[in-house]
Amino acid sequence: GDSVTQMEGPVTLSEEAFLTINCTYTATGYPSLFWYVQYPGEGLQLLLKATKADDKGSNKGFEATYRKETTSFHLEKGSVQVSDSAVYFCAQLPNTGNQFYFGTGTSLTVIP
Amino acid sequence: DAGITQSPRHKVTETGTPVTLRCHQTENHRYMYWYRQDPGHGLRLIHYSYGVKDTDKGEVSDGYSVSRSKTEDFLLTLESATSSQTSVYFCAISGAGTYNEQFFGPGTRLTVL
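Protein chains in written order, with the numbering used here: chain C, 60 to 171; chain W, 3 to 115.
Since the hints were made in silico from the structure, they are not lab data.
Idealized CB from N, CA, C, for every residue including glycine.
Please note that the accuracy of each hint is not assured.
[To be verified] Computed cross-link-like contacts, SDA-like style, restricted to lysine to any residue with a CA-CA straight-line distance of at most 25 Å:
#1 C/K111 to W/P108
#2 W/K13 to C/Y98
#3 C/K111 to W/K59
#4 W/K13 to C/Q104
#5 C/K127 to C/Y98
#6 W/K59 to C/Y98
#7 W/K59 to C/Y89
#8 W/K59 to C/N157
#9 W/K59 to W/S71
#10 W/K13 to C/P99
#11 C/K119 to W/K55
#12 C/K111 to W/E74
#13 C/K119 to W/G5
#14 C/K111 to W/S71
#15 C/K119 to W/P108
#16 W/K59 to C/F77
#17 C/K136 to C/F77
#18 W/K59 to C/K115
#19 C/K111 to W/K55
#20 W/K13 to C/S62
#21 W/K72 to C/G156
#22 W/K13 to C/Y89
#23 W/K13 to W/R111
#24 W/K59 to C/T64
#25 W/K59 to C/A86
#26 W/K72 to C/T163
#27 W/K55 to C/P153
#28 W/K59 to C/T155
#29 W/K59 to C/K119
#30 W/K55 to C/V146
#31 C/K127 to W/A98
#32 C/K115 to C/D61
#33 W/K59 to C/P99
#34 C/K115 to W/E103
#35 C/K127 to W/E103
#36 W/K55 to C/E101
#37 C/K111 to W/N102
[Said to hold, decoys possible] Simulated coverage check for chain W against chain C, where a stretch passes if three residues somewhere in it have a Cβ under 8 Å from a Cβ of chain C:
#38 41-53
#39 87-98
#40 102-109
Throw the hints in and build the complete structure from the sequences for me.
Have a look at this one:
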């Protein structure tokens, strides 16, 4: 069935370090892919999305490329800031329905 | 920000009591969802709605019921709350179409003693 797997956390990085959070998906078709961010005490916010193969989503210095051949959508940022500390969720929306599938979330802490 | 509100934002209740959580949207979106968030489990879908009076079960629907009598309101009811239902509950909405992202409410923290 449809699912999303993302790397386990927590992840701790120093400010200005490079970030990668891995995400892979299982789908019967060609889903839309999303990264959401959750700051403490808040709901999830959309960070970026990609709707077809080879699309690159980007926002606030974060990027992720939809790779059909490896069924992946890894999140990257070249230089993290303390304000990026949050929980990041990868998600997919199959092209056959309106039920979203979320990964379990990856907690990121950035230290000065 | 998408217009989604949840009420109450915090609630403490006792085992065996009924509880109703409300989600209200001002976006006129067709789809509404209820999730629970627990450590180690991420987000799990409880129920969702694809229109007024049209609902379906998610992966963790046991012990929960929902109702949607108006486009803007989606209610989640715990008929007889149990301690295992202590969680943070999120409502989300989305428009029709396969490219549309979900927008989330601020969450309700429910504690069942």
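Here's how the hints hold up against the structure:
Simply put, C/K111 and W/P108 have alpha-carbon atoms about 29 Å apart, too far for the 25 Å limit, and the pair is violated. For the hint pairing W/K13 with C/Y98, the CA-to-CA distance comes to about 21 Å; that is within 25 Å, so the pair holds. At most 25 Å may separate the alpha-carbon atoms for a hinted pair to count; C/K111 and W/K59 exceed this at roughly 28 Å. With a C-alpha separation of about 23 Å, the suggested pairing of W/K13 with C/Q104 holds against the 25 Å cut-off.
For a cut-off of 25 Å, the pair hint linking C/K127 to C/Y98 is broken: about 29 Å separates their Cα positions. Note on W/K59 and C/Y98: the hinted pairing is violated, with a Cα-Cα distance of about 28 Å set against a maximum of 25 Å. Proximity of W/K59 to C/Y89 is assessed by CA-CA distance (about 23 Å); at most 25 Å being required, the pair is judged to hold. Restraint check for W/K59 and C/N157: satisfied, since their Cα atoms lie roughly 13 Å apart, inside the 25 Å limit.
With a CA separation close to 17 Å, the supplied pair W/K59 and W/S71 stays within the 25 Å bound. In summary, the hint linking W/K13 to C/P99 is supported, as the alpha carbons are separated by about 18 Å, within the 25 Å threshold. With a C-alpha separation of about 39 Å, the suggested pairing of C/K119 with W/K55 is violated against the 25 Å cut-off. Using a Cα cut-off of 25 Å, the hinted pair C/K111 and W/E74 is violated, with the two alpha carbons roughly 31 Å apart.
For the hint linking C/K119 to W/G5, the alpha-carbon distance of about 23 Å falls within 25 Å, and the restraint holds. Restraint check: the Cα-Cα separation between C/K111 and W/S71 comes to about 35 Å, which exceeds 25 Å; the hinted pair is violated. Only pairs whose Cα atoms come within 25 Å are accepted, and C/K119 paired with W/P108 is accepted, the gap being roughly 22 Å. Straight-line distance between C-alpha atoms of W/K59 and C/F77 comes to about 40 Å, which puts the hinted pair past the 25 Å bound.
Of the supplied pair hints, the one linking C/K136 and C/F77 holds, its CA atoms being roughly 6 Å apart against a limit of 25 Å. The hinted pair formed by W/K59 and C/K115 fails the criterion: a straight-line CA distance of about 33 Å is larger than 25 Å. Only pairs whose Cα atoms come within 25 Å are accepted, and C/K111 paired with W/K55 is rejected, the gap being roughly 33 Å. Taking the CA atoms of W/K13 and C/S62, the gap is near 32 Å; set against the 25 Å cutoff, the hint is violated.
Between W/K72 and C/G156, the direct Cα distance comes to roughly 22 Å. Compliance with the 25 Å bound is thereby established for this hinted pair. At roughly 40 Å between alpha-carbon atoms, W/K13 and C/Y89 are farther apart than 25 Å, so this suggested pair is violated. Of the supplied pair hints, the one linking W/K13 and W/R111 holds, its CA atoms being roughly 6 Å apart against a limit of 25 Å. Taken as a hint, the W/K59 and C/T64 pair is honoured in the structure, with Cα atoms around 22 Å apart against an allowance of 25 Å.
Simply put, W/K59 and C/A86 have alpha-carbon atoms about 20 Å apart, close enough for the 25 Å limit, and the pair holds. With a CA separation close to 32 Å, the supplied pair W/K72 and C/T163 exceeds the 25 Å bound. Proposed proximity of W/K55 and C/P153 is supported: the alpha carbons are some 23 Å apart, at most 25 Å. Our distance criterion of 25 Å between C-alpha atoms is met by W/K59 and C/T155, whose separation comes to about 17 Å.
Between the alpha carbons of W/K59 and C/K119 the distance comes to roughly 35 Å, so the proposed pair goes past 25 Å and is violated. In summary, the hint linking W/K55 to C/V146 is not supported, as the alpha carbons are separated by about 34 Å, beyond the 25 Å threshold. Between C/K127 and W/A98 the alpha-carbon distance is near 24 Å, which keeps this suggested pair within the 25 Å criterion. Simply put, C/K115 and C/D61 have alpha-carbon atoms about 22 Å apart, close enough for the 25 Å limit, and the pair holds.
Distance check on the hinted pair: W/K59 and C/P99 sit about 28 Å apart at the alpha-carbon level, beyond 25 Å; violated. Of the pairs offered as hints, the one joining C/K115 and W/E103 holds, with about 16 Å between alpha carbons and a cut-off of 25 Å not exceeded. This hinted pair checks out: C/K127 and W/E103 have alpha carbons roughly 20 Å apart, not beyond 25 Å. Taken as a hint, the W/K55 and C/E101 pair is broken in the structure, with Cα atoms around 29 Å apart against an allowance of 25 Å.
Distance check on the hinted pair: C/K111 and W/N102 sit about 13 Å apart at the alpha-carbon level, within 25 Å; holds. For the stretch 41-53 of chain W, the stated coverage by chain C holds: 7 residues have a C-beta nearer than 8 Å to a C-beta of that chain, and at least 3 were required. Note: the stretch 87-98 of chain W has 4 residues with beta-carbon separation from chain C under 8 Å; the three-residue rule is met and the coverage holds. Using a Cβ-Cβ cut-off of 8 Å, 8 residues of the stretch 102-109 of chain W lie near chain C, which meets the minimum of three, so the contact claim holds.
Figure legend: structure checked against the earlier numbered hints; hints not met, in rising order: 1, 3, 5, 6, 11, 12, 14, 16, 18, 19, 20, 22, 26, 29, 30, 33 and 36.
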